[in-house]
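Chains A and B, in that order, give the protein sequences.
Going by the working numbering, the letters in the first sequence line up with residues 426 to 771, in that order.
Going by the working numbering, the letters in the second sequence line up with residues 113 to 419, in that order.
To be clear, the hints were calculated from the coordinates, so they are not data collected in a lab.
Just to be clear, a hint being listed does not mean it is correct.
Said to hold, decoys possible - If the Cβ cut is set under 7 Å, some of the chain B residues that face chain A in the computed set are: (1) T186; (2) K204; (3) L213.
Said to hold, decoys possible - Restraint-style ranges between C-beta atoms, simulated for each label pair: (4) T186(B) <-> R769(A): 13 to 21 Å; (5) G640(A) <-> I131(B): 54 to 62 Å; (6) E219(B) <-> G640(A): 36 to 44 Å; (7) R126(B) <-> R447(A): 40 to 48 Å; (8) A239(B) <-> F695(A): 34 to 42 Å; (9) A287(B) <-> L637(A): 44 to 52 Å; (10) R183(B) <-> G640(A): 41 to 49 Å; (11) A763(A) <-> A239(B): 33 to 41 Å; (12) F755(A) <-> R183(B): 31 to 39 Å; (13) E329(B) <-> M765(A): 43 to 51 Å; (14) I131(B) <-> R447(A): 42 to 50 Å; (15) W454(A) <-> A239(B): 24 to 32 Å; (16) N152(B) <-> F695(A): 34 to 42 Å; (17) Q684(A) <-> E386(B): 55 to 63 Å.
From the three backbone atoms N, C-alpha and C, an ideal C-beta is built for every residue, glycine too.
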Amino acid sequence: MSRWVGAPLVQLSLAKTRELIREPEAIFWVFIFPVLLALSLGIAFRASGPEELPIGVEQATGADWIVATLGEAPALRAELMTPETAREKLRTGAVALVVRPGTPWTYWYDPTRPDSRLARLAVDDALQRAAGRTDPHAVATEELTEKGSRYIDFLIPGLLGMNLMGTGMWGIGFSIVNARQKRLLKGKVATPMRRSHYLLSQMAGRMIFLLLEVGVLVGFAVWVFDVPVRGAWLTLAALCLGGALTFAGLGLLVAARPQTIEGVSGLMNFVMLPMWICSGTFFSTARFPDFMQPAIQALPLTAVNDALRGVMVEGASVIQLWDELAIAGFWAVACFAAAMWLFRWS
Amino acid sequence: MNAIAIRGRGLVKRFDDVIAVDGLDLEVRSGECFGLLGPNGAGKTTTVEMLEGLQSPTAGEIEILGRRWDRQATRLRQRLGIQLQQSEFQDKLTVLETVRLFRSFYERGWSAEQAIQTVSLQEKARAYVRKLSGGQKQRLSLACALVGEPEILFLDEPTTGLDPQSRLRIWDVVAAFRQRGGTVLLTTHYMEEAERLCDRVAIIDRGKVIALGSPAELIGSLRADHVVELELESPLAPETLAVLDEVLAVGEENGTLRLTVRHPHRAVPLLLGELERRGAKLTRLATHHATLEDVFVELTGRHLRDS
Ligand SMILES: Nc1ncnc2c1ncn2[C@@H]1O[C@H](COP(=O)(O)OP(=O)(O)OP(=O)(O)O)[C@@H](O)[C@H]1O
Ligand SMILES: [Mg+2]
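Bound conformation, chain A alone (with noise of 0.2 Å):
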């Protein structure tokens, strides 16, 4: 055996790196289910030009010409039908408007959809213009369905983010904490191994995942749903690493203490789910209020999502992300660092 295969933090990372492969379920929660998820959302959020908008029309004079005026507009799709049925398709959502025919039209819909409120624009136009309106002014539209703008575009890179987040924080903690009840730690604490090595090799074993990880999403969204990645494939690889080790030093130090997997999942959930839902990873940021921004932008994972998009998205270069580097780096840091004061051996 070579000095260097023997060496303790290798032997260490290539445990912990067996220990992850070895796990089935692992596999499924850090390569198919990303996976799926980015399909599943891919699909039902998908461009698929625009999307027409279904109106129901009441059965009653003047209901024939208004079917017909409405099915040659662009972007919208009319039926005939009872007032009942009207009713209850509008209600659950099955049409976006109703016209009942009459003097004056009536539209019946529901202010609160953006749907509905669509709808009630394109109906009143199309229906305006059949019966002799003239625009003041000529316009011109022009359509954006330029690759990188679409919902997936924005979608990937956030799935991305969240998974780094989630892989190197079960992967990590529910481990340690593991070997602390099973008393496996004290074993090792008891040889003349080196504390931070182990925790050093906590990290680095998640780094040799990591790569498998990332090529798994990243590929599959490239080729599926060819979403674009503008920035260099080295920046994107250099981000994801840190991601990963911000995220596993956050790992590191939720695992510190815990005794129970109980406990460690309680506080793994606790810290996790506000970056679910606030880091940006399904919907942007920018709707949050005012007040919860400098919270929301100093969480590592808006950091790391945002570093994300930027490079994929945006083509950024790593200079134009030195905030989010920033940001993700002391969190690195100082949960590291935090880790080892804490850390609970036995």
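We have chain A already, so just place chain B with the ligands on it with the hints.
Leaving out everything else, chain B with the ligands in the frame of chain A:
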């Protein structure tokens, strides 16, 4: 050379409401095999873990190989092999991977393969740890403790719960380690293990050493080589038998009378005659060579293992 390998002076360990170790002194000479013998909860593990530097004593001083735990602990650990009570290892590492991992912590020592061979676990070298039997796991932990070629080996109940064959194997490994000049401190509640392996034994009860010496000395302190156990249909006051010439001492536990005697061939007929004279009916009679167990019973009135 008879240097002191392990020295503990006035050791005390107090947990919230229990005093686990209560003023314990102990010296283990270099090259010696020293046993801590005591019942469950006597404080053996706590004592050993304090000596191993894994728990800090509430009071008292510890010196291992002339050094103390507060300085250069890692250097000291290079020279020790430690097996914890019921050690566990990562489930999904193989035996070989596990021993290699432990080997990497030591600057010098055997190869992992050599350590595995020493505890005759070669066939299992590529098996996952979680597939091992209790005895095999125990041998794995012995391999991990030995792989750094330690000067002192600490073993906390190395054979508890194992079948006699596995126990013999472990005893062989310990004996071989001693042949190479190693020092051993082990805990056990098997008296045969202490008698067979140890040069000296400290009998521990409630956190204190209640007897110390070689197994032969301790048994000799009973002043008798044999023990006679009697069970009777109706109870009889122990003192009535104590007056017999051949009987050195009488004790009673759970309805069993235990008599220490020097010459069973003379004592038993005398006893039977006495019982018959008093009209007492025997339901059981047994005699055996005195053991450390008898020493413990004599000192505390209780057995080592709760039966
Ligand atoms: N961490 C702890 N907290 C509280 N009490 C403890 C702790 N560890 C041990 N004790 C108590 O200290 C006493 C001695 O325990 P110890 O484990 O040293 O006994 P032992 O001789 O090794 O017993 P066994 O043969 O069962 O292993 C027991 O009463 C035990 O309950
Ligand atoms: Mg014990």
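- Query: Taking 24 to 32 Å as the hint, is the beta-carbon distance of W454(A) and A239(B) inside that range?
  - Reply: Hint holds: Cβ distance 27 Å, inside 24 to 32 Å.
- Message: Under 7 Å is the threshold here; is the Cβ of L213(B) close enough to any Cβ of chain A for the hint to stand?
- Response: holds, 5 Å
- Message: Between the beta carbons of F755(A) and R183(B), is the distance compatible with 31 to 39 Å?
- Response: 35 Å Cβ-Cβ, so the 31 to 39 Å window holds.
- Message: Looking only at beta-carbon atoms, does the pair T186(B), R769(A) fall within the given range of 13 to 21 Å?
- Response: Holds, at about 19 Å.
- Is it true that A239(B) and F695(A) lie within 34 to 42 Å of each other by Cβ? Holds, since A239(B) and F695(A) (Cβ atoms, about 39 Å apart) stay within the stated range.
- Could you see if the CB distance from G640(A) to I131(B) stays within 54 to 62 Å? At 58 Å between Cβs, range holds.
- Item | E219(B) versus G640(A) beta-carbon gap, inside 36 to 44 Å or not | holds, 38 Å
- For A763(A) and A239(B), compare the CB-CB distance with the range 33 to 41 Å and indicate the outcome. holds, 39 Å
- Message: Range first: 44 to 52 Å. Now tell me if the beta carbons of A287(B) and L637(A) are that far apart.
- Response: Given a distance of about 48 Å, which is inside 44 to 52 Å, the answer is holds.
- Item | Range hint compliance [Cβ, R126(B) to R447(A), 40 to 48 Å] | Because 42 Å falls inside the window, the suggested range holds.
- Item | C-beta pair Q684(A), E386(B): status relative to the range 55 to 63 Å that was hinted | With a Cβ separation near 60 Å, Q684(A) and E386(B) satisfy 55 to 63 Å, so the hint holds.
- Range agreement (Cβ of G640(A) with Cβ of R183(B), hint 41 to 49 Å): holds, 47 Å
Against the hints set out earlier in the document, no violation occurs for any number.
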